[in-house]
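Q: Residue-level listing of the chains:
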Amino acid sequence: MSAALLEDVLVPAGPGPAHSRARRRGRRLLGLVVPVLLLATWYVVSDREILSTRLLPGPGTVATALAEFFTGDRNDTLAGVVPFTGAGPEHLAASLTRCGVSWLLAVLVGSVVGLLLGLSSLARDLLDPILNALRAVPLFAWLPLALVWFGLGEGAARAIIFVGALWPVLVAVGDATARVPRGHVETARMLGTPRRWLWRKVYLPSALPEVVTGLRLSLTLAWTCVIVGELSGTDRGVGAMMSAARETGRTEQVVVGIVVFAAVGLLADLVLRGVTARWVRWSRA
Amino acid sequence: MSGTGTGLLSARGLHKSFGDLSVLAGIDLEARPGQVLSVLGPSGCGKSTLLRVLAGFEAPTSGEVLLDGVRLSGPSADRGMVAQAGGLFPWLTLRDNLAFGPRASRRTGTQVTAVVDELLSATGLDGFADALPKQLSGGMRQRAAIAQVLANRPPVLLLDEPFGALDAQTRLRMHEWLRALLAERPTTVLLVTHDVEEALLLGDRLCLLSNRPACVVDELPVPFGADRGRAVLADAEFVRLKATVLERVLTA
Ligand SMILES: Nc1ncnc2c1ncn2[C@@H]1O[C@H](COP(=O)(O)OP(=O)(O)OP(=O)(O)O)[C@@H](O)[C@H]1O
Ligand SMILES: [Mg+2]
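Chains F and V are the protein sequences, given in the same order.
For the first sequence, the positions run 4 to 288 when my numbering is used.
For the second sequence, the positions run 117 to 368 when my numbering is used.
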């Protein structure tokens with residue numbers, strides 16, 4: 004058999020032309036245009052005092068408060084009071100732990116139940132209606148129950164975040180597993196894969212792109228639920244700091260909270276995308 | 117593992133129905149060791165169903181499948197099947213796709229590498245070892261799918277219209293490629309096709325199926341040697357036989 008015979012069957016496959024990659028990088032910078040415009044507008048509005056600084060403190064004030072939040076000296080040790088100056092790391096750590104623990108638990112429970120739904124039609128018929136009903140309950144509706152069950156504080160906060168993060172994982176894992184093409188399973192069996200390894204050799208890799216999308220959605224939701232959870236009377240956490248700041252009328256501290264939420268949310272998604280990139284590359288166009 | 121049996125695959129009185137729909141109505145056939153049996157039949161008559169039953173993906177409603185006299189049930193590594201849509205895993209590189217079978221049968225790392233390297237060059241895909249299936253052309257993908265199955269050296273190879281989606285010239289090249297590949301590794305092949313020319317070019321024997329529900333209406337030897345190339349297309353005997361078989365398929 005001659006290789007020459009085959010040569011014209013082969014098509015070149017390689018990375019796209021360099022100029023399209025450069026253009027893509029240029030396009031990414033576009034994402035900065037709107038934030039910069041917003042920042043400029045914000046600056047003008049507060050500088051001209053179009054809105055009172057009590058309603059909207061200027062970027063400078065907020066930046067100072069942000070620096071204070073993370074690097075200032077701790078000077079408030081009164082019991083029951085939510086500190087601000089220098090308390091940034093502590094609040095952030097509290098929120099991150101709360102969010103991380105609840106999210107991981109949600110991923111675990113969501114994956115197991117989702118796999119069950121995806122692989123077994125019996126489980127699907129049994130659980131689908133009740134799960135869909137529960138999914139429709141707004142997150143805030145769980146708050147009173149969480150408070151009754153877990154009391155004010157940590158337990159209730161974690162329960163709320165868990166519930167918020169659970170559904171996207173569960174739905175994504177369930178759908179993705181149910182949609183694994185039967186042909187892939189058959190090919191693996193025919194090539195000698197034992198049944199007990201199918202989940203690792205076929206179901207998992209085939210479902211991963213969709214699951215990763217679910218994980219990202221779930222992490223973002225978990226992070227948004229942190230503030231709901233922290234309304235349950237915790238005294239540490241970025242959300243707790245924001246509630247306290249609102250009560251004392253420190254609008255710039257409230258805005259600091261918003262900035263921290265946005266930054267951490269963005270960062271967490273970037274990290275998760277980075278970590279999972281190599282599992283989903285094959286499915287990208 | 118191959119080498120133990122001789123690779124005689126036989127079907128005895130295979131019936132298959134999906135609910136009220138009878139698809140296979142008593143199929144008897146025999147694919148002989150080291151030979152290519154071409155199975156020809158009209159579209160929708162149940163060719164894919166027959167292969168799926170032979171591969172063990174579907175249980176027959178009645179009848180049995182035997183390999184070297186041993187009754188089979190369920191899929192296993194001794195019957196490699198290339199499905200109509202191709203079987204490569206889209207998330208694995210070509211190299212990992214080819215290594216899938218040997219790894220599943222717990223071959224050692226060096227054995228796996230040796231098998232994969234050999235198949236990469238036999239398919240002319242050396243340069244694409246690290247490409248994903250979607251980066252390959254249709255013809256390359258089909259060659260790779262066949263190589264993936266051959267990596268386990270199965271005694272029996274079941275091919276379901278492996279070249280059906282390719283253009284005529286590419287298909288001819290693939291026929292010569294497959295002949296060369298099989299010459300080096302004697303395998304019992306059952307080739308399902310609706311292309312009479314393909315059936316005659318590749319087959320040692322021919323088996324004609326009727327319309328659904330399918331049964332075997334005729335079986336005939338193909339009177340050309342194992343060394344036939346595409347030159348045989350111009351052979352008067354080939355042309356005559358092709359016309360006869362085509363007529364039989366159309367009136368089956
Ligand atoms: N899993 C199934 N459930 C119900 N009916 C099926 C199933 N698989 C195949 N059939 C039916 O069996 C018949 C034969 O299908 P099959 O795919 O075997 O035909 P084929 O000869 O391979 O056709 P083609 O030449 O188009 O590939 C069709 O009528 C099809 O609808
Ligand atoms: Mg078919």
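There could be a bad hint or two in this list.
Claimed, not checked - Simulated restraints, written as ranges between beta carbons of each label pair: (1) Trp200(F) x Ser189(V): 12 to 22 angstroms; (2) Val37(F) x Leu137(V): 54 to 64 angstroms; (3) Ala245(V) x Trp200(F): 17 to 27 angstroms; (4) Leu129(F) x Leu137(V): 29 to 39 angstroms; (5) Ser133(V) x Ser123(F): 18 to 28 angstroms; (6) Ser123(F) x Ser178(V): 52 to 62 angstroms; (7) Arg301(V) x Ile133(F): 50 to 60 angstroms.
In case anyone wonders, no lab produced these hints; they're calculated from the structure.
Please read these numbers as outputs of a predicted model, since none were measured by experiment.
Heads up, the beta-carbon is just placed ideally off N, CA and C, and yes, glycines get one too.
Q: Next step is simple, just say for each hint if it's right about the structure.
A: We went through each hint and held it up to the structure:
1. Trp200(F) x Ser189(V): 12 to 22 angstroms: 20 angstroms, holds
2. Val37(F) x Leu137(V): 54 to 64 angstroms: Because 59 angstroms falls inside the window, the suggested range holds.
3. Ala245(V) x Trp200(F): 17 to 27 angstroms: 24 angstroms, holds
4. Leu129(F) x Leu137(V): 29 to 39 angstroms: 30 angstroms, holds
5. Ser133(V) x Ser123(F): 18 to 28 angstroms: Check passed, 26 angstroms falls within 18 to 28 angstroms.
6. Ser123(F) x Ser178(V): 52 to 62 angstroms: For serine 178(V) against serine 123(F), whose Cβ atoms are near 29 angstroms apart, the range 52 to 62 angstroms is violated.
7. Arg301(V) x Ile133(F): 50 to 60 angstroms: 55 angstroms, holds
Consistency with the previously given hints fails for number 6 only.
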